[in-house]
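So the protein lines, in turn, are chains A and B. Basically our numbering = 1-based index in the first sequence + 1244. Basically our numbering = 1-based index in the second sequence + 82.
Just so you know, these hints were derived from the structure itself, not from any lab. Wrong hints could be hidden among the right ones.
Pair by pair, the computed Cβ-Cβ distance ranges are [what the hints assert, rightly or not]:
| no. | chain 1 | residue 1 | chain 2 | residue 2 | range |
| --- | --- | --- | --- | --- | --- |
| 1 | A | Glu1277 | B | Arg116 | 24 to 34 Å |
| 2 | A | Gln1263 | B | Glu488 | 51 to 61 Å |
| 3 | B | Met112 | A | Asn1333 | 51 to 61 Å |
| 4 | B | Gln220 | A | Glu1330 | 38 to 48 Å |
| 5 | B | Glu332 | A | Asn1304 | 36 to 46 Å |
| 6 | A | Glu1277 | B | Ile485 | 49 to 59 Å |
Derived list of chain A stretches under chain B, where covered just means 3 residues or more per stretch with a C-beta under 8 Å from a C-beta of chain B [as the list claims (entries may be wrong)]:
| no. | segment |
| --- | --- |
| 7 | 1271-1282 |
| 8 | 1289-1302 |
| 9 | 1333-1347 |
| 10 | 1382-1395 |
Built from N, CA and C at the ideal position, the CB exists for glycine as well.
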Amino acid sequence: MKEFNSLEDILDFAINEEQMAADFYTALAEKMEHQEMKDTFEQYALEEIGHRAKLEAIKNGKEYKVSEEKVADLKIGDYLVDVDTEKTNITYQEALTIAMKKEKAAFKLYNDLAAAASDSASRDMFLMLAQEEAKHKLRFEVEYDNNILTEN
Amino acid sequence: MERSEEYIKNERKKEWRVELQKKTKAKDRMAIERVKMSEQDPNERIKSQRIEVNKGLSAEQAVQEAMRCMDCVNPTCMEGCPVSINIPKFIKNIERGEFGKAASVLKETSALPAVCGRVCPQEVQCEQKCFYVEKLNQPSVAIGYLERFAADWERESGEIAVPECAESNGIKVAVIGSGPSGLSFAGDMAKLGYDVTVFEALHEIGGVLKYGIPEFRLPNAVVDVEIDNLRNMGVKFITNYIVGQTATLEDLKGEGFKAFYVGSGAGLPRFMNIPGENANGILSSNEYLTRVNLMGADSEDSDTPVLRGKNVVVVGGGNTAMDSVRTAKRLGAENAMIVYRRSEEEMPARVEEVHHAKQEGVEFLTLTNPIEYIADENGRVKQVKVQKMELGEPDASGRRRPIPMEGSEYTIDATVVVVAVGVSPNPLIPNSVEGLEVSKWGTIEVVKDKMQSSIPEVFAGGDIVRGGATVILAMGDGRKAAANMDTYLKEKYLSKKVEQ
Ligand SMILES: Cc1cc2nc3c(=O)[nH]c(=O)nc-3n(C[C@H](O)[C@H](O)[C@H](O)COP(=O)(O)OP(=O)(O)OC[C@H]3O[C@@H](n4cnc5c(N)ncnc54)[C@H](O)[C@@H]3O)c2cc1C
Ligand code: SF4
Chain A
1245 MKEFNSLEDI LDFAINEEQM AADFYTALAE KMEHQEMKDT FEQYALEEIG HRAKLEAIKN
1305 GKEYKVSEEK VADLKIGDYL VDVDTEKTNI TYQEALTIAM KKEKAAFKLY NDLAAAASDS
1365 ASRDMFLMLA QEEAKHKLRF EVEYDNNILT EN
Chain B
83 MERSEEYIKN ERKKEWRVEL QKKTKAKDRM AIERVKMSEQ DPNERIKSQR IEVNKGLSAE
143 QAVQEAMRCM DCVNPTCMEG CPVSINIPKF IKNIERGEFG KAASVLKETS ALPAVCGRVC
203 PQEVQCEQKC FYVEKLNQPS VAIGYLERFA ADWERESGEI AVPECAESNG IKVAVIGSGP
263 SGLSFAGDMA KLGYDVTVFE ALHEIGGVLK YGIPEFRLPN AVVDVEIDNL RNMGVKFITN
323 YIVGQTATLE DLKGEGFKAF YVGSGAGLPR FMNIPGENAN GILSSNEYLT RVNLMGADSE
383 DSDTPVLRGK NVVVVGGGNT AMDSVRTAKR LGAENAMIVY RRSEEEMPAR VEEVHHAKQE
443 GVEFLTLTNP IEYIADENGR VKQVKVQKME LGEPDASGRR RPIPMEGSEY TIDATVVVVA
503 VGVSPNPLIP NSVEGLEVSK WGTIEVVKDK MQSSIPEVFA GGDIVRGGAT VILAMGDGRK
563 AAANMDTYLK EKYLSKKVEQ
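Let's have the full structure, built from the sequences with the hints guiding it.
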């Protein structure tokens, strides 16, 4: 597992992760055949950049806290098969699946890092990051639940 | 059709209405029990896909039920109707025995009342808003049954008048798709004097009304009468013609079509994307129902073993799921089962369909979700792994969403699985027409209430604009589009400024 020497180290890592996610979506956007899916992935990239900005603010001294509130986990993405991100005609259902799975993976990563953290300040930092990712995931899950799982 | 409050009030003050209002006291009206629809016996009806379950009301029953209606000063039922049918006016016509007039009132706003009377989700529309429900906490007036009665009476009496059509203006318009949306559009445009051609990809006219909704709910004969009516009005139908494939919109323009109405529906089945979903024996409700309804796979001599199975599992909770599971019963399934991830209250299916399904012996596994399909050595599905769900805390929107209960997994035997978890718009037109604005859901973007797309001569409505919706909304869109396209075409080609 990666070694972190300071809280700043942790934040740098997380900021880089958000940037990588943004780049991933931008690349997908470029590849898509249809404009509406280009727009969708560009929107997702923007959201990741928003997350990055939030973390940068913390790095620059903005206060943060780990709230007690448990973010709901609808676990929708957990049971879905992976989407082939090589193809150029991804549907909106698949776009949401990609996003749910990505956020879940990030959430798990920070949760694992929190469990392995040696001091409480790092643990809190990881928990805060995990919670952020859980919120991002929930946003995609709710959209999936409302619009894809209409069962009608 | 826009209706002013004043118009409704004045109608209510017509002499014949006042007379009826006086004739029976409110107290006596309220004392009448809501009519019960007579139904085919469940054990008999499951022997055939083609026996209609609801038998309809007799004239006596209809008049009696119509008497329950209070002819409210403020008829809240109308607010619940997506096309604002003048409900008390048609019901009171039934009460006075003028059944043909009742049908005419329906036709002022609904192109297909015999269809809507059978398939509209009345319990969440007009009937939910009825005075009886809102103020008395009693069963509503059976508006849907009465609608069906009046429309059927007109059809069976053979007294359907072909609506008068304006003199032909020679302008050719094309309709893509012959579902309720396309049909209602075609009817209105023919009345306005346009030269209307409907292009349909399938070999049958009617869209979901034919290939989706089974005859035990909506007999084809009911739809065919409406189609014949359109033919008599001069509407041309061309089947087996896929616009975007057989010919493009540009080709059709070359043939002289000046404007288009896209009513191509949402016929693209959605799947869950869980492991094993491409095993043999797992099919979409769309394919399943089409094979039975359009290709006669229910007949004894049909060679379609893939559809018949001992254990049929249908995934979903909407009308499509109910139609599929009840079809499975009729094809001889010993166990026909609904698996639905939410609770029964949240099922989007019409309440009556759920009730009928239960009568027919369909099993319901609610708060249960498939997570994997297990196939045998030949790649054919044999089991569904499901997981129990529980409802989470209400979220910001107040909705309690289902959450999987880990460790609750178990398997169900399945010979056939029908996936009915939703539909997406048919992608051909949205993808093939240059310059057409499309949403991320694949629906065509239109100016609300005008139904005009980003290409001025292309209008669209129904499921291709809304995603999976309802017959009445699809029909309402067709009518709005016709009114607006008429304005557009007259201004453009007949240089007639049309008063809005
Ligand atoms: C099984 C089932 C049961 C339902 N039950 C109910 C119910 O009880 N009550 C209710 O209100 N709603 C119900 N619905 C929903 C309702 O049927 C739809 O909302 C409605 O039919 C939409 O009408 P539409 O005209 O937009 O499209 P559709 O009815 O889908 O018709 C579209 C037509 O366009 C054709 N088409 C598509 N692309 C092309 C092309 N490129 N060229 C030519 N033709 C094309 C299709 O073949 C189809 O015939 C049900 C749906 C299903 C599937
Ligand atoms: S609300 Fe009910 S009682 Fe009142 S006019 Fe409508 S159908 Fe009749």
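*If you check the beta carbons of Glu1277/A and Arg116/B, does the distance land in 24 to 34 Å?*
violated (54 Å)
_Distance restraint evaluation - Glu1277/A, Ile485/B, Cβ atoms, bounds 49 to 59 Å_ = violated (35 Å)
*asked:* So is the segment 1271-1282 of chain A in contact with chain B by the C-beta rule, three or more residues under 8 Å, or is the coverage claim wrong?
replied: holds (count 4)
_Verdict for Gln220/B, Glu1330/A (Cβ pair) under range 38 to 48 Å_ = The hinted range 38 to 48 Å is violated for Gln220/B and Glu1330/A, with Cβ atoms some 60 Å apart.
*asked:* Range first: 36 to 46 Å. Now tell me if the beta carbons of Glu332/B and Asn1304/A are that far apart.
replied: For Glu332/B and Asn1304/A the Cβ distance comes to about 56 Å; the hint is violated.
*Three residues minimum, CB to CB under 8 Å: does the segment 1333-1347 of chain A make the cut for coverage by chain B? Let me know.*
holds (count 6)
_Just to be sure I understand the hint, the distance between the Cβ atoms of Gln1263/A and Glu488/B should be within 51 to 61 Å; is that true here?_
violated (33 Å)
*asked:* Please verify the coverage claim for the segment 1382-1395 of chain A: does it have three or more residues whose C-beta sits within 8 Å of some C-beta in chain B?
replied: Result for this restraint: holds, n = 7.
*Measuring from beta carbon to beta carbon, are Met112/B and Asn1333/A in 51 to 61 Å?*
Since Met112/B and Asn1333/A have Cβ atoms about 59 Å apart, the given range 51 to 61 Å holds.
_Can you confirm whether chain B covers the segment 1289-1302 of chain A, using C-beta to C-beta distances below 8 Å and requiring at least three such residues?_
As far as the segment 1289-1302 of chain A goes, the hint is violated, because 0 residues have Cβ atoms under 8 Å from chain B.
Against the hints set out earlier in the document, violations occur for numbers 1, 2, 4, 5, 6 and 8.
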